[in-house]
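Read top to bottom, the protein sequences are chains G and U. Residues in the first sequence are numbered consecutively from 1, following the UniProt record's numbering. Residues in the second sequence are numbered consecutively from 1, following the UniProt record's numbering.
Zero decoy hints are in this set.
Since the list can't tell identical chains apart, any single copy or any two copies may satisfy a pair.
Computed list of lysine-lysine pairs in DSSO-like fashion (alpha-carbon distance at most 27 Å, straight line): (1) 95 <-> 329; (2) 329 <-> 91; (3) 234 <-> 95; (4) 61 <-> 20.
Because the hints were derived from the structure by calculation, they are not lab data. Note that this is a predicted model, so its numbers are computed, not measured.
2 protein chains.
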Amino acid sequence: MSLVNVNTLGGNYPIRIAPKMLQQIATSVPENASSVVIISNTTVMPLYGEQVQQSLQGIHKPIYTLVLPDGESFKTLETLNTIYTFLLRHKVDRKAVIIALGGGVIGDMAGYAAASYMRGIRFIQVPTTLLAQVDSSVGGKTAVNHPLGKNMIGAFYQPIAVDIDIDVLHTLPSREVSAGLAEVIKYGMIMDADFFAWCERHVEQLRALAPEIISYAIQRSCELKAYVVEQDEKESGLRAILNLGHTFGHAIETALGYGTWLHGEAVGCGMVQAAELSAQLLGFPRESVERIRALVKAIGCPTIAPDLGMDKWISLMQVDKKSEAGQIKFVLLNRIGEATISTAPIDAIEAVLARTVER
Amino acid sequence: MSLVNVNTLGGNYPIRIAPKMLQQIATSVPENASSVVIISNTTVMPLYGEQVQQSLQGIHKPIYTLVLPDGESFKTLETLNTIYTFLLRHKVDRKAVIIALGGGVIGDMAGYAAASYMRGIRFIQVPTTLLAQVDSSVGGKTAVNHPLGKNMIGAFYQPIAVDIDIDVLHTLPSREVSAGLAEVIKYGMIMDADFFAWCERHVEQLRALAPEIISYAIQRSCELKAYVVEQDEKESGLRAILNLGHTFGHAIETALGYGTWLHGEAVGCGMVQAAELSAQLLGFPRESVERIRALVKAIGCPTIAPDLGMDKWISLMQVDKKSEAGQIKFVLLNRIGEATISTAPIDAIEAVLARTVER
Numbered sequence: 001m002s003l004v005n006v007n008t009l010g011g012n013y014p015i016r017i018a019p020k021m022l023q024q025i026a027t028s029v030p031e032n033a034s035s036v037v038i039i040s041n042t043t044v045m046p047l048y049g050e051q052v053q054q055s056l057q058g059i060h061k062p063i064y065t066l067v068l069p070d071g072e073s074f075k076t077l078e079t080l081n082t083i084y085t086f087l088l089r090h091k092v093d094r095k096a097v098i099i100a101l102g103g104g105v106i107g108d109m110a111g112y113a114a115a116s117y118m119r120g121i122r123f124i125q126v127p128t129t130l131l132a133q134v135d136s137s138v139g140g141k142t143a144v145n146h147p148l149g150k151n152m153i154g155a156f157y158q159p160i161a162v163d164i165d166i167d168v169l170h171t172l173p174s175r176e177v178s179a180g181l182a183e184v185i186k187y188g189m190i191m192d193a194d195f196f197a198w199c200e201r202h203v204e205q206l207r208a209l210a211p212e213i214i215s216y217a218i219q220r221s222c223e224l225k226a227y228v229v230e231q232d233e234k235e236s237g238l239r240a241i242l243n244l245g246h247t248f249g250h251a252i253e254t255a256l257g258y259g260t261w262l263h264g265e266a267v268g269c270g271m272v273q274a275a276e277l278s279a280q281l282l283g284f285p286r287e288s289v290e291r292i293r294a295l296v297k298a299i300g301c302p303t304i305a306p307d308l309g310m311d312k313w314i315s316l317m318q319v320d321k322k323s324e325a326g327q328i329k330f331v332l333l334n335r336i337g338e339a340t341i342s343t344a345p346i347d348a349i350e351a352v353l354a355r356t357v358e359r
Numbered sequence: 001m002s003l004v005n006v007n008t009l010g011g012n013y014p015i016r017i018a019p020k021m022l023q024q025i026a027t028s029v030p031e032n033a034s035s036v037v038i039i040s041n042t043t044v045m046p047l048y049g050e051q052v053q054q055s056l057q058g059i060h061k062p063i064y065t066l067v068l069p070d071g072e073s074f075k076t077l078e079t080l081n082t083i084y085t086f087l088l089r090h091k092v093d094r095k096a097v098i099i100a101l102g103g104g105v106i107g108d109m110a111g112y113a114a115a116s117y118m119r120g121i122r123f124i125q126v127p128t129t130l131l132a133q134v135d136s137s138v139g140g141k142t143a144v145n146h147p148l149g150k151n152m153i154g155a156f157y158q159p160i161a162v163d164i165d166i167d168v169l170h171t172l173p174s175r176e177v178s179a180g181l182a183e184v185i186k187y188g189m190i191m192d193a194d195f196f197a198w199c200e201r202h203v204e205q206l207r208a209l210a211p212e213i214i215s216y217a218i219q220r221s222c223e224l225k226a227y228v229v230e231q232d233e234k235e236s237g238l239r240a241i242l243n244l245g246h247t248f249g250h251a252i253e254t255a256l257g258y259g260t261w262l263h264g265e266a267v268g269c270g271m272v273q274a275a276e277l278s279a280q281l282l283g284f285p286r287e288s289v290e291r292i293r294a295l296v297k298a299i300g301c302p303t304i305a306p307d308l309g310m311d312k313w314i315s316l317m318q319v320d321k322k323s324e325a326g327q328i329k330f331v332l333l334n335r336i337g338e339a340t341i342s343t344a345p346i347d348a349i350e351a352v353l354a355r356t357v358e359r
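Same shape as in the complex, but just chain G (with noise of 0.2 Å):
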């Protein structure tokens, strides 16, 4: 088993990574639990529901079950509702704990319904899909979507355990396999270029999920990530790095209407426009913009963005949270490994795009 721990204001909790890890997340429920609610969707319940169900048996405490549509089209207000209903009607009090079984939409949401179900109750994110297990289950970011900007309402609030089971991931769709990679990749671009060539040396593996190259891929990504949160848990400064590529790419996820293109094939291409907009503004070498074009390409995802015409483009951007007083602020490379964080002038993005949406 890999362990990477993570320490922050908002509370210290475990990352473990292992196979057949579904089979111990009993392990992680505390003694003082006065009950389990497990949090899931159509997709995932079927497949590793009984897994979980059964680890929980023997500790003999109320489980409840709540499976929810599948899809970021329900990452919203009114599901959320569904859930503080659905813990109202069971009566599930402040010393119960939610464990989120499946994706980053079941864990951004089940998470934000810890966060403020009651004011706060402890949950353990158990994430599965290669996307949430390497970004949105570590570091306590939960949110829903509002129809004018995705992860609008959220908390910041820390899970009590993260579990991670890399058997899982076989029946992961390899798109899906692809939009996490992008994330994995993102880690090598903002801060250690040295794992940027060892996905570049491993790309093959790393899609055929090869255990001990995804495994490592795995624990690498969270051990920066979790580096990142614990110096900015909420996001004043260093923190926003996390965010390469999701100016672009959330301007897609929002133009196409969510679930369209998978957040890390969005996230994907918007890597490349954030590179193709460093070398413009920063001197960021062509050659690594292009050998970032060239991972994202052999990971699987889309290099190229949708045309959403430039105005729409910018209104979109603006609405970024990391806007301030409608400047939009981008994640740009100084090198690879390096990142940082600047305002963009209106030609200069339009430049970009030009060079980067279909045509």
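Starting from the known structure of chain G, fit chain U onto it as the hints suggest.
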């Protein structure tokens, strides 16, 4: 001006109490605020909106004003969504500051909007009811109601300042003054017998809002509340004593529909019921029960509860956030000035209900 400082893990902030405080609101807005959003309601805004807006003119920042319908029945996820939509439409960013101008409903709801919008932006409490001034604006509890329970969705989230103008109390209906005084005398009951006796001696001036008397009552209430919140920000122990009378009171509010009885009225009656239960279980002196009943009556609150039917009383109290595994917990009194928390056998609860509900 009276000043009370609150020091919590979630932030340190001043409570300022004075006449004409509304005209000084601008001095609480940090220099780096990108904009100011006033959230108020249809009752308070016409009375006091202009004073606040005028004070803010001087700092030359964009000001947005959202006026919500008045009443506890609007303290819902739907109204919360109205706030989010307003903030997003105006492209309000993370550096904005929300001013909650109104009573407890506005404070709880605007506070929770601040806690959850973009995972948290700054806010200032400007409470305009006595109840909000002595209770809900201090301590960082924010929430909205759910049809199945009061304040079930929320966060512990501290404001950056609380500005209390005692002049605004003169437009308050006398029922609301009474409801606010219920929380004032509560502090005496749970932790300051001298203050309880002071309230008994000054009950006429309190109801008449004599400036020096009401000012001291607010200051002492805020001091006592701040002390409790500093010991236990997230209600894992001591803080629960602030809920004296609330287990009974919430059941009344839920059963009659929020807003039929004012929150303070329900708490006032609930404190008499909690005193009776204390006598039944802990040997709390009958003479003290009668002092409490007399003072609750003297401040103008009801001392006889509505007849909800025994089963409904019990099941509504089980949803209380203090409940664990279906066991109802009560804040009880050992003596005036000293509270304790305890479960109670059903037959004792039923005996108290039989004595205290309308027949």
